[in-house]
Amino acid sequence: MNQRKRIHEGDRASIMLKEISALVDGHIRLMEVCGTHTVSIFRSGIRSLLPKGLELISGPGCPVCVTPVGEIDRAIALAQIQDVTLLTFGDLMRVPGTSSSLNQERAVGRDIRVVTSPLDALEIAQGEPQRRIIFFAVGFETTSPAIAAAVREARRKRIANLYLLCSQRLIPPAIRALLSSRSVKIDGFILPGHVSVIIGKTPYSFIAREFSLMGVITGFEALDILEGVYMLLRQKKEGRSEIEVQYTRVVKEEGNRLALEIMEEVFEPFDARWRGLGVIPESGLTLREEFKEMDAALVFDIPYEDRKDPPGCLCGQILQGLKRPLDCPLFDTRCTPENPVGPCMVSSEGSCAAFHKYGAST
Amino acid sequence: MCLGVPGKVASIQGDCAEVDFGGIRRTVSLLICPDVREGDYVLVHVGFAIQRLDEEEALETLNLFEEIERSYRESTEEDT
Numbered sequence: 012m013n014q015r016k017r018i019h020e021g022d023r024a025s026i027m028l029k030e031i032s033a034l035v036d037g038h039i040r041l042m043e044v045c046g047t048h049t050v051s052i053f054r055s056g057i058r059s060l061l062p063k064g065l066e067l068i069s070g071p072g073c074p075v076c077v078t079p080v081g082e083i084d085r086a087i088a089l090a091q092i093q094d095v096t097l098l099t100f101g102d103l104m105r106v107p108g109t110s111s112s113l114n115q116e117r118a119v120g121r122d123i124r125v126v127t128s129p130l131d132a133l134e135i136a137q138g139e140p141q142r143r144i145i146f147f148a149v150g151f152e153t154t155s156p157a158i159a160a161a162v163r164e165a166r167r168k169r170i171a172n173l174y175l176l177c178s179q180r181l182i183p184p185a186i187r188a189l190l191s192s193r194s195v196k197i198d199g200f201i202l203p204g205h206v207s208v209i210i211g212k213t214p215y216s217f218i219a220r221e222f223s224l225m226g227v228i229t230g231f232e233a234l235d236i237l238e239g240v241y242m243l244l245r246q247k248k249e250g251r252s253e254i255e256v257q258y259t260r261v262v263k264e265e266g267n268r269l270a271l272e273i274m275e276e277v278f279e280p281f282d283a284r285w286r287g288l289g290v291i292p293e294s295g296l297t298l299r300e301e302f303k304e305m306d307a308a309l310v311f312d313i314p315y316e317d318r319k320d321p322p323g324c325l326c327g328q329i330l331q332g333l334k335r336p337l338d339c340p341l342f343d344t345r346c347t348p349e350n351p352v353g354p355c356m357v358s359s360e361g362s363c364a365a366f367h368k369y370g371a372s373t
Numbered sequence: 104m105c106l107g108v109p110g111k112v113a114s115i116q117g118d119c120a121e122v123d124f125g126g127i128r129r130t131v132s133l134l135i136c137p138d139v140r141e142g143d144y145v146l147v148h149v150g151f152a153i154q155r156l157d158e159e160e161a162l163e164t165l166n167l168f169e170e171i172e173r174s175y176r177e178s179t180e181e182d183t
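Protein chains in written order, with the numbering used here: chain A, 12 to 373; chain V, 104 to 183.
Since the hints were made in silico from the structure, they are not lab data.
All the given hints hold, so there is nothing to weed out.
In silico DSSO-like pairs for lysine-lysine, Cα to Cα no more than 27 Å straight-line: (1) A:319 x A:334; (2) A:212 x A:196; (3) A:263 x V:111; (4) A:168 x A:303; (5) A:196 x A:334; (6) V:111 x A:212.
Ranges of calculated distance between the beta carbons of each label pair, as one might list FRET restraints: (7) V:127 x A:370: 30 to 36 Å; (8) A:317 x V:113: 46 to 52 Å; (9) V:158 x A:272: 24 to 30 Å; (10) V:117 x A:249: 45 to 51 Å; (11) A:370 x V:125: 26 to 32 Å; (12) A:222 x V:118: 38 to 44 Å; (13) V:129 x A:272: 22 to 28 Å; (14) V:156 x A:343: 35 to 41 Å; (15) A:337 x V:125: 33 to 39 Å.
Residues of chain A placed beyond 12 Å of chain V at every Cβ, according to the derived structure: (16) 35; (17) 94; (18) 111; (19) 121; (20) 142; (21) 183; (22) 194; (23) 223; (24) 249; (25) 293; (26) 345; (27) 371.
Where is the CB? At the ideal position from N, CA and C, for every residue including glycine.
Throw the hints in and build the complete structure from the sequences for me.
Rendered as structure tokens:
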């Protein structure tokens with residue numbers, strides 16, 4: 012970006028901030044559901060520039076952070092099987108399980124590899140037919156269609172040594188659970204842009220209809236976020252509770268229909284456990300009957316077992332917006348990015364990691 | 104983890120496209136977003152194009168920013 016454009020954007024941002032300040036009346040709490048928003052808000056410094064009465068709180072939108080300890084333990088158990096290669100997205104490597112992490116397991120010789128795309132899993136499975144390849148599938152609706160497309164490709168290419176440990180989650184049921192618990196005061200939602208590229212606007216309509224709250228599907232540039240906040244405040248001022256789209260350049264009203272069809276062909280919802288939020292009805296994805304032969308949990312017979320969160324760790328409450336990282340006694344003392352105790356400090360999109368990296372003081 | 108990176112489609116071969124991310128080229132799957140043409144901008148996530156960027160909407164966003172800016176400037180001119 013050239014200097015002139017940067018200055019111009021800075022100008023616009025300061026104008027937006029003034030408009031936002033003029034609309035803030037009383038104390039308003041907006042939740043950014045998505046971890047990518049959290050990082051963008053911190054990196055751009057927006058949080059520190061907002062008027063006093065406007066509070067942004069982070070929600071449960073980091074897939075790594077909401078993956079419960081039991082699921083990490085299950086991945087570790089799978090990686091310990093002799094002829095298994097476990098594939099995972101990078102951030103999961105360092106999340107502590109009950110007594111180990113994937114990183115520690117790799118250090119003692121387990122074959123655990125980091126991939127950046129579900130297509131890497133296909134390629135590895137094809138190239139190493141003598142090994143059983145398990146892809147530890149985490150992600151929200153943004154990622155699940157890509158995983159589903161890879162599953163279909165594996166079927167088409169008759170790849171028989173690829174399995175999934177399904178740990179994907181769905182965002183709207185988590186928002187519903189959060190609102191139904193009534194434990195946290197939220198006036199409106201900065202809704203996730205890229206999840207919404209896939210699911211569109213309709214799945215959020217219950218927020219307005221049943222809870223009379225507002226939401227704006229928002230992009231990730233600093234100006235996008237400021238505009239999303241501005242649109243929310245306008246709704247509040249005008250007494251509206253609606254779901255609006257700020258991120259219109261990629262979010263269509265109906266989402267990406269083909270992606271949804273592929274996802275629904277391969278996966279079905281089930282009642283999944285989230286770190287901090289407990290079991291939420293129909294909030295996870297599992298392989299449909301026709302694809303069960305690829306389900307690592309069934310094939311290797313390693314059922315899910317509940318495990319306790321690390322003692323003293325407040326990740327569970329932080330993910331619900333009930334606590335801030337600074338409220339946690341472990342934050343920046345026993346829990347640091349180098350030696351994380353909870354996942355919110357591990358993931359680059361976790362609130363604790365963001366608070367640590369950007370030195371937030373409130 | 105829901106990071107999406109916009110890039111420009113340089114060429115298409117079957118289910119895949121070569122996408123240019125500001126000088127770096129990567130092969131991207133079009134399995135969940137097949138309706139793209141050379142020259143289109145796409146949003147890419149974990150090696151897959153997930154949506155085509157709508158140029159008109161992108162311009163509209165810019166227009167909206169300009170509108171807010173204009174209304175602000177007008178209101179401050181009225182104040183002074």
